[in-house]
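Chains as they are written, first to last, in this note's numbering: chain A, 1 to 231; chain B, 1001 to 1461.
Honestly, the hints are just simulated from the structure, not real lab data. If you're wondering where the values come from, they're calculated on a predicted model, not measured in any experiment. All C-beta atoms in this analysis are idealised placements derived from N, C-alpha and C, irrespective of residue type, glycine included. Treat each hint with caution, since some may be false.
Claimed, not checked - Okay, the calculated beta carbon distance ranges per label pair:
{"#": "1", "chain 1": "B", "residue 1": "Thr1299", "chain 2": "A", "residue 2": "Pro177", "range": "47 to 53 Å"}
{"#": "2", "chain 1": "B", "residue 1": "Val1228", "chain 2": "A", "residue 2": "His199", "range": "26 to 32 Å"}
{"#": "3", "chain 1": "A", "residue 1": "Arg201", "chain 2": "B", "residue 2": "Val1284", "range": "56 to 62 Å"}
{"#": "4", "chain 1": "B", "residue 1": "Leu1049", "chain 2": "A", "residue 2": "Ala152", "range": "36 to 42 Å"}
{"#": "5", "chain 1": "A", "residue 1": "Asp188", "chain 2": "B", "residue 2": "Leu1049", "range": "45 to 51 Å"}
{"#": "6", "chain 1": "B", "residue 1": "Asp1305", "chain 2": "A", "residue 2": "Gly179", "range": "35 to 41 Å"}
Stated by the list, open to error - To be clear about the criterion: a stretch of chain B counts as covered by chain A if any three or more of its residues have a C-beta under 8 Å from a C-beta of chain A, and this derived list gives those stretches:
{"#": "7", "region": "1046 to 1054"}
{"#": "8", "region": "1124 to 1130"}
{"#": "9", "region": "1141 to 1149"}
{"#": "10", "region": "1346 to 1354"}
{"#": "11", "region": "1370 to 1381"}
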Amino acid sequence: MLIDLAKCTACQACMVACESENNVPCVSPEEAGRRRIISWINLLPEIEGEYPRLTMRLAPVPCLHCDSPPCILVCPVKATSLSPEGFVRQTYARCIGCRYCTNGCPYTRRMFNWYKPEWPGEFAEALNPDVSVRPKGVVEKCTFCHHRLMKARDEARAANRPLAEGEYTPACVEVCPAGAMYFGDLEDPDSAVAQLGRHPRAFKLLEELGTKPKVTYLSEGEWSGGERKEA
Amino acid sequence: MESVRKRSINLPDAVLLQPILAARSSFYYVAMALLGGTTLGFIAYLVQLRRGLGVTGLNVPLYWGVYITNFVFFIGISHAGTLISAILRLCDAEWRRSITRAAEVITVLVLFFGVGSIIMDLGRPDRLLNVLRHPNFRSPLLWDVCSISVYLTGSTIYLYLPLIPDVAILRDYGKKRVWFYRLLALGWQGTPRQQHVLHRAIAVMAVMVIPIAISVHTVVSWVFGMTVQPMWHSTIFGPYFVVGAIFSGIASILIAMALIRRIYGLEDYLRPVHFNNLGLLLLVMALLWFYFTFAEYLTTFYGGDPAHLVVFYSKLTGRFAPLFWTMVVTCFVIPFSLLSRARTRTVTGTVIASISINIGMWLERYTIVVPTLSRPRLPWAEGTYSPTWVEAFITIGFGATFLFLYMLFTRFFPIVSIWEVWEGRERAVPEVVARIRSYLPEDGGEAPESEDLILQTKEKP
């Protein structure tokens, strides 16, 4: 995945699309105040300057699906693993809820089900049948809409042709009104993500940690790459 | 040593059996109060099981809090017993005889609460056995599972072995639960062969238990140290945690000794000299703890990595400063000033220092777990955490249940090892004389004079 921050308007459509696509549970306002919101993709704020000359930049951050993910290493029960496509996946039925992975992730992109998930009113009827709902007490995270890949792959296989670029995109990429998000095969050097990834504006979050994220950003102006600038 | 069976009914040191023979009514009141605490914890856990971990104060990004703090704290205390007792045994420190048992029991019992704290923290405790069905040996938490189970096994054996001759005494002279003691005594008759085997077994276990104990707390520290999170990712966390563990462990023995001595009137067995010696050991650990803390924080400060400095300043001057500086005072200032002077290294002095250390070491673990999580690497909004009644009640429940089980142990088994005190009188005194003689040049003086010297030193209080 590649996100062009110069195009991103921080409209949060990706967040809404993700929540409804992936049956992310609703959280009451009180619980939200206690920071129990579950969001697979969220806007990372970066505030610069001093009042009144403040600038704030926002970057959407899903799970970065690292090539060497710290979360997978620390899970005591192998409930999280790298899929053959390179996705960091979570096995909800095996997770014991120790939250070691949430603490091992330097990007804080893993979420925990503090309660039994609930969907008020018609939300419950609008659940996506392609995505399993999670029980209380387990960790969940962005899957890059893996169910969409399975569907697209099945369709391609049924038609006896290879999966074409653009046939499979996660909900957030599909919905982005500014066209700031790109999705494709990083191993194909001609794909849009691979080409844009070689752009001089390209950077990755906390690249120095060696986690090798699969999400690349194109910087807007002098974006620092999400690091803390001062203590 | 002559066989236990041949001893007369009027056993020497019979006062040590008194707590087992008869209970004072106060025992039942205290037991009721402690079980009340257990009930509180139990209710709180039922609520948490029913509703989910949302009933705690934990949130995003503070995924760990009081439970993990308790886990590290309890595992730390467990270093009291086995490690200290093993080291003292191997060093032939003769003053160990009346304190080893009290220490070893702490280890075995408190380990259950360390493991229990982890179970309290699980979102899905019903899937606990997944750690055996699908173990990921790359995870430090699984290393913990391995080392703690080995430690629990080792320290239980190490507690049980020196208990056998005492259980035989209870079998032969007690009137209550004789079948129970007969079962546990494994046919102990105190024959020379049995004694030889027992001494060998204790010595082997003492040697084995030391590396196991050190590995346990090292691995506990690695749960944090192996991640890349600011101020967790530190190479000295292993030894730092081991030092902290021994530190709070010795403090816990001292508190236990003071209680036992007071409640069961064993002032003759747990003497000021024991408190003085353990106090000196505690002083050394206080200095070591300060050294490690200083080294850890100075390195972080000097390195100047912004992600680390955010956490660093949140502890030194920020939101966690009250807790951090209380830790420094209770872990170092108070114990150091009390223990460094012989005048205050008394029973009261060492106990005050010990209570202060245990408060401080809990805070140390808290200020390691929470500040790091509240300031993640990416500039998400700063996290805050305040524990809820559920976490408080479960902590109270754990503390109360531990005290209750400890108290129960003293009602079933002698908390001061009887046979080891006998052995000290009968065998160790001449052995020590011989040992000290062996340190000195043989042709230096005449033998009769040294006899007088020993008598003189023995008379000193």
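Structure-based check of each hint:
1. For the pair Thr1299 of chain B and Pro177 of chain A, the supplied restraint of 47 to 53 Å holds, since their beta-carbon distance comes to about 48 Å.
2. With their beta carbons about 27 Å apart, Val1228 of chain B and His199 of chain A fall inside the hinted range of 26 to 32 Å.
3. Under the hint 56 to 62 Å, the C-beta atoms of Arg201 of chain A and Val1284 of chain B, about 57 Å apart, fit the expected range.
4. In this structure, Leu1049 of chain B and Ala152 of chain A meet the distance hint of 36 to 42 Å, their C-beta atoms being roughly 41 Å apart.
5. For the pair Asp188 of chain A and Leu1049 of chain B, the supplied restraint of 45 to 51 Å holds, since their beta-carbon distance comes to about 49 Å.
6. Between Asp1305 of chain B and Gly179 of chain A, the C-beta spacing of about 37 Å keeps the proposed range 35 to 41 Å intact.
7. Counting residues of the region 1046 to 1054 of chain B whose beta carbon lies closer than 8 Å to any beta carbon of chain A gives 4, which reaches the threshold of three, so the coverage claim holds.
8. By the rule of at least three residues with a Cβ nearer than 8 Å to a Cβ of chain A, the coverage given for the region 1124 to 1130 of chain B holds, with 5 such residues.
9. Note: the region 1141 to 1149 of chain B has 3 residues with beta-carbon separation from chain A under 8 Å; the three-residue rule is met and the coverage holds.
10. Under a criterion of three residues with beta carbons nearer than 8 Å to beta carbons of chain A, the stated coverage of the region 1346 to 1354 of chain B fails, only 0 such residues being counted.
11. Residues of the region 1370 to 1381 of chain B with a Cβ under 8 Å from some Cβ of chain A number 7, which satisfies the need for three, so the listed coverage holds.
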